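*Asks:* Letter by letter, the chains look like this.
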Amino acid sequence: MQILFIIISAITLVSAVLVVSVRNLFHAALYMMLSFLGVAALYALLESGFMAATQLLVYIGAISILVIFAIMMTRRLMQTTESPFNSQWGMSGFVSASLFVLIGAIVLQVYPLDPAVAGGAPPAEELVTNTVNQLGVAFTSADQLVLPFELASVLLLVALVGSIIIARPDVEAEVEDES
Amino acid sequence: MDLNTALRELRLLDYLRLLWGDAPWVEPVLDLISIITVSTFCLLIVIFLIWLERKVIARMQDRIGPNRVGGKFGLLQTVADVLKLLTKEAITPVGADWVAYNLAPFLIVMTALLMWAVMPFAPTWIGVDLNIAVFYVLSISSVSVVCLLLAGWGSNNKYALLGAFRAVAQLVSYEVPMVLSLIVPIILARSMSLIGISEAQVLPFALLVPVSAVIFYISALAETGRTPFDLLEAESEIVAGFHVEYGGMKFGMFFLAEFISTLFMSSLFATIYLGGYRFVLGELFNPNYTTGNLAGILIFFIKTFLVYFVFIWIRATFPRIRIDQMLNFNWKFLVPWTLVLVLVVALLDRLVADSGWTVRTLAHLSSNIVIALIALGFARRRAAREKLFEEEFGVAEEIARPMILGSDGHDDHEHDHETHGQPAPAHD
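Chains as they are written, first to last, in the numbering used here: chain G, 19 to 197; chain E, 34 to 461.
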């Protein structure tokens with residue numbers, strides 16, 4: 019289990035680094051998918067099958083496809099020779115490193131490293147077996163997550179309507195066409 | 034348990050477990066054996082499926098079909114074809130993206146095989162009984178879209194890339210009604226595990242919610258790219274779509290993946306809507322009847338091949354549809370009506386949750402019939418309007434007024450003039 023975890027994390031991290039360092043944009047997108055796949059495998063390793071499947075469906079099945087479509091619409095993609103680093107790479111590296119430290123500190127504060135837990139006591143059986151049901155109940159019961167869940171759905175609806183308005187052909191031309 | 038009962042009840046893995054004890058290496062080895070068995074079975078049955086398809090279509094079109102290689106029925110025809118494909122040179126075109134070009138055929142076969150992990154062939158014949166099996170299948174099949182893009186892009190051929198775009202457009206859009214129609218049996222069974230869904234079917238769900246079954250079947254046709262949705266590789270119009278640059282066994286692997294996923298979709302339909310390995314007739318007459326492994330696997334394959342036969346039947350009889358018809362049919366007809374269906378079924382099932390199976394069945398069946406009639410009524414009116422337009426201007430509305438990318442007002446105007454100027458076709 020430990021070895022599997024180390025291998026998967028190594029693949030995830032290495033491909034994440036390759037995403038930003040590789041020159042061919044299309045290959046970068048492929049490495050991004052590999053990185054997403056590694057995260058999905060980590061979820062599966064943590065006995066959270068639903069999260070793993072969601073990761074596959076949303077990040078690889080939808081977001082990566084969108085990214086690849088965007089890349090393919092880019093002009094003169096195959097001939098890119100310039101370096102992926104520009105003059106600001108030091109600055110952005112510093113920002114991301116400090117962000118990592120910040121998030122790491124917060125996570126450690128909320129879930130402190132407990133040697134007793136880190137020893138590998140598996141979570142209780144009833145916690146692991148029915149994660150989907152628990153998630154569903156949590157999303158629909160008023161005292162838990164119903165408000166953020168519904169807010170997220172409204173946000174998605176707004177995004178859908180907005181994208182339709184942007185993609186819609188000119189209304190004036192349409193009217194002219196009808197007459 | 035001795036070898037005899039193990040063979041009779043098809044519980045060889047349990048027998049091996051007894052034989053080998055509980056050493057730490059036993060479970061991984063058994064897993065490996067099952068994985069190799071199922072994958073090899075899926076790969077080999079394709080040879081039979083291709084033969085079956087050619088033979089059945091030939092019979093439907095009043096031909097004989099393959100009849101030379103391998104005796105009377107041409108049984109070895111596909112074996113010969115496979116050998117021919119295997120001996121062909123493996124070519125990578127100049128200028129192709131080597132990694133993407135060669136990765137795509139492997140990945141697409143892998144995704145097609147991975148889906149079988151959750152399929153219950155018989156009560157105890159299942160890879161893993163995931164509690165999110167349906168969701169797992171959908172997420173794996175969404176990964177196969179990536180393979181098409183890899184193939185189209187990696188070939189370094191603009192026609193392959195355009196073909197991949199068409200294919201992705203079709204697969205991504207038909208995923209929506211497929212997911213939505215699968216929600217209906219999940220609501221009815223209160224479970225996403227395929228075993229759970231099979232066990233919940235006192236009556237097959239195809240009798241409870243026929244509309245959901247039909248919508249799933251149509252989107253399965255589109256997801257596997259079969260007639261009438263085979264415009265991805267329309268052999269007689271465009272050459273092959275996204276795999277135009279592939280030859281030999283690399284092409285063969287796309288073919289293989291298509292047949293494996295078609296068989297998988299048939300077995301998924303059989304499991305979710307027809308009760309899978311359960312022998313419904315036996316259960317109706319004898320309440321204590323439980324399906325054993327041998328009967329289960331027989332019933333499972335009979336149902337699967339019945340569904341698969343309909344796939345072939347449709348291929349032999351339906352014409353191919355245009356890309357705009359394909360997209361319109363999905364977004365303007367299937368998706369809205371599936372949403373209506375999901376809402377109605379969810380509300381209704383809440384209302385009749387405590388009643389017996391008869392009330393539940395009748396309620397769902399009648400609501401389904403009402404929805405189907407209303408939807409068909411709308412479709413009929415729309416078709417009549419389109420026919421009027423076509424009779425007046427001699428060209429289909431969708432062709433006359435392209436709403437596809439890049440048509441601004443000016444273009445529309447010019448196009449309109451052209452269609453107006455055209456003489457009306459002679460009606461004779």
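Treat the hints as calculated values from the structure; they're not laboratory data. If you're wondering where the values come from, they're calculated on a predicted model, not measured in any experiment. Mixed in with the good hints there might be a few duds.
Stated by the list, open to error - Covered by chain E, per the in silico footprint, the following chain G stretches (three or more residues, Cβ under 8 Å): (1) 42-50; (2) 58-72; (3) 105-115.
Each residue gets a CB set at the ideal place from its N, CA and C atoms; glycine is no exception.
*Asks:* So, for every hint listed, does it hold in this structure?
*Replies:* Hint check results:
no.: 1; hint: 42-50; verdict: holds (count 3)
no.: 2; hint: 58-72; verdict: holds (count 4)
no.: 3; hint: 105-115; verdict: violated (count 0)
In terms of the numbered hints stated before, the structure departs from hint 3 and from no other.
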